[in-house]
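A.B. asks: Let chain A serve as the given structure and place chains B and C on it in line with the hints.
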Amino acid sequence: MYRYDEFDQSLVDARVAEFRGQVARRLTGDITEDEFKPLRLMNGLYLQLHAYMLRVAIPYGTFNSRQMHMLAEISRKYDKGYGHFTTRQNIQYNWLKLDDVPDLLADLASVEMHAIQTSGNCIRNTTSDQYAGAAADEIEDPRPTCEIIRQWSTFHPEFSFLPRKFKIAVTGAPKDRAAVQIHDIGIQIVENNKGEVGYSIFVGGGLGRTPMIGKHIRAFLPRQDLLAYLEAIVRVYNMLGRRDNIYKARIKILVHETSAAEFTRLVEEEFEKIDKTNLLALPDEEIARISKYFAPPDFEELAPSPAALLDAIDQDRDFALWVKANVTPHKVQGYSIVNVSLKPIGGVPGDITADQMDGVAELAREYSFDEIRATHEQNLVLPHVRETDLYAIWQRLVELELATANIGLVSDMIACPGLDYCNLANARSIPVAQLISERFAELERQHNIGDLKIKISGCINACGHHHVGHIGILGVDRKGEEYYQITLGGSADENTRLGDITGPSFPYDKVVDAVETVVNTYVDIRTPGESFLQTYARVGLAPFKETLYAAA
Amino acid sequence: MSKPHRKAKGPQVLTANRLVDGDVVYWRDETTWVANLSEARVFENEDELSKAEADAQAQVKADKIIDPYAFGVDLSSGTVAPASMRELIRAKGPSIRLDLGKQAEAA
Amino acid sequence: MPLLKDGRFVEDQWQRLEEHEIVPRDGAVIVDLERWQVERETLKERTAPLGLLLLPGQSPEEVAEDLPRFDLIALSFPAFKDGRAYSYARILRERLGYKGELRAVGEVLQDQLFFMVRVGFDAFEVNTRTSEEDFAAEMAKFPAVYQPSSCGETTVFARRHVGLAQCAAE
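Respectively, the protein sequence lines represent chains A, B and C.
The working numbering applies: residue 1 is where the first sequence begins, and numbers increase by one.
The working numbering applies: residue 1001 is where the second sequence begins, and numbers increase by one.
The working numbering applies: residue 2001 is where the third sequence begins, and numbers increase by one.
In isolation and in its complexed conformation, chain A is listed as follows (with noise of 0.2 Å):
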């Protein structure tokens, strides 16, 4: 993985002292409320309902041992011994105090972590496939454009006021495990017929009140042009990007009002004007620098599914219902990439102790060459490890209560926040979120039902993502009481979707009910083999709609 040099680490160090000073003239009333909070959103650091609270960026979701282990100390030194892993492969704490913050942020810096641009109206942590350089079917790597990318966004001067935030994914597979389409702009590596390695570019994609998918206009991009382009994008954006309503100041927006296609040509004439034959065009050889940190590393050559694996399968139930849910294959013959679920059953989704950090670092550092990812559905990953170690492996992560088998079923549910720590929420999620793992608790019938994917927002925001849920779930508030509207049909793949509100919104004590009837109604009427989402294309809303609103 990428190790910062000189110059970055320089930065990150410059920008530590910055915010340093900042907070101090803060304290001090040299600057005001208004202009510290988009100075602290910059450093990721919000005020929530109990306590300041910061978004720490693991840039692409890849980090290593001694950065989970820094992650874990600092939750202990600062926090209350925990983190929450968010949508955006961010990693959050809840009860920090202000004067702390600049200690918090050196701690962090000294293993070439930060927190810069986790917030505010500039360009965000770029995220990406939590698979990335394990997958089996990868064009390419992505993780070397995503950090160029961050490096590019970093103290960009042009680009730090924007009318909103700008968010940045990168997949490196036609399977699409980064939900590139609901981000401001979304990059898929592709191959064009001569060979050559590019970028095809959707813009304008994203939930909160005004979901849009984000729309193609960019088919092959030449890898040269990447920052360019990138340039000419945020370039228009800021130039033409609504500031007279904070509702609509969103790129998609922009794009939905001036067309896809006249916004499309306003990038291009802007990119044809841009001077490409500056820095902006990424020397070769930087590309190959960083590209070089993200070689593979010395995979031995292995006999696929050994023996031992197989045997230990056969014997022991448990192990198996986690090796079929939570080990997906490897692009290289006898290792397997070991997804950590971060959902135990009536637990917080996304969540961990720093006993928890400190044993997953432990484990990439024994098993999966230091390597841990963050996904975008809050889950944890150890991307290279050999088959004949699973069993071992899966014995300790049992021990640290974090070997649920239910990774892509019903209770590994992505959940915001919410009313319990959220200054936005309108009504609480997590909670929400508990009831519906414990209802589904049994992993058998979790294993039954199959692929389904349970995305809760307690707001508009839609941090959540329950716009692009199978099943999305959206508190609101109905005069002073928490009500939850539900949605169906959403998908945030590669065939990313918009789901449908099925009527009125559940009361909390009946939500519950509420997503049983709709996954008891897809098991009584789906066929073999078929899919929730399979179904719900095949019959639509109206069955659901039905069983749902029977009793009214």
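Since the hints were derived computationally from the structure, they do not count as laboratory data.
Among these hints, one or two may not hold up.
Here are the simulated distance ranges between beta carbons [to be verified]:
(1) B:Glu1039 x A:Tyr247: 36 to 42 Å
(2) B:Val1034 x C:Met2001: 38 to 44 Å
(3) B:Lys1051 x C:Glu2018: 48 to 54 Å
(4) A:Tyr247 x C:Met2001: 32 to 38 Å
The C-beta atom is built at its ideal place from N, Cα and C for all residues, glycine as well.
C.D. replies: Only chains B and C this time, still in chain A's reference frame:
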């Protein structure tokens, strides 16, 4: 449930977050913000609340607190109970982690 | 508003004309885009220095042809969060080759000065809390930059490859 506009008549409490640590605090008098809702001043008189709000704005300027606002409370049970889930959670802590927040300190 | 130019407080030699004010014969004046468009012919006959104020929404590309006439362009930040002028500044400097004074006016905060210098501003109407020392400290804040921009520093991408850095310096 972004900050409720003050529209409800009836008893109100004035709240904010402390600048230095973000902790939830409640107005008791011109010199004191308290951490516990039970010790907060309950306003049943609009003029008195307006005066306290002016004082709170002065304390914002003095960089002690941020984002002050008033919210409705229910006194019918004999204690000061927030009228909304949001304020209940601010007063106690996360509903899903009873070991955290003010509810844990109180225990 | 105190005026910082090239890191020093200087006396403002320019008069910004309000809508109702008549253009004086002599003296350096800054006019807005509307006046420039309406009174272009008479303004052209003046020999005293002329400056132009552009508001967000008024792209410098609209006045590309007229740029040689202006000794100063002021770009407005009606609120510090409104970042359109950062793009305008780069277009002026990098695309349109504007070499005169580029002045940031409006809500110009200390913490934004580094970015403003990088996109090509050289003069700033700052608030009274900002000192020359603050300006110097802001300029020294970051030891390197990742992006090419108007002030021509060599980027980190290039500095890593010495041969390229030399090319860029030439």
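A.B. asks: Next step is simple, just say for each hint if it's right about the structure.
C.D. replies: Results for each hint:
About 39 Å separates the C-beta atoms of B:Glu1039 and A:Tyr247, a value consistent with the hinted range of 36 to 42 Å. The given range of 38 to 44 Å is respected by B:Val1034 and C:Met2001, whose C-beta atoms sit roughly 42 Å from each other. The supplied range of 48 to 54 Å is broken by B:Lys1051 and C:Glu2018, whose beta-carbon atoms lie about 40 Å from each other. For the pair A:Tyr247 and C:Met2001, the beta carbons lie near 33 Å from each other, so the given range of 32 to 38 Å is met.
The structure is inconsistent with hint 3 alone, although it conforms to all the rest.
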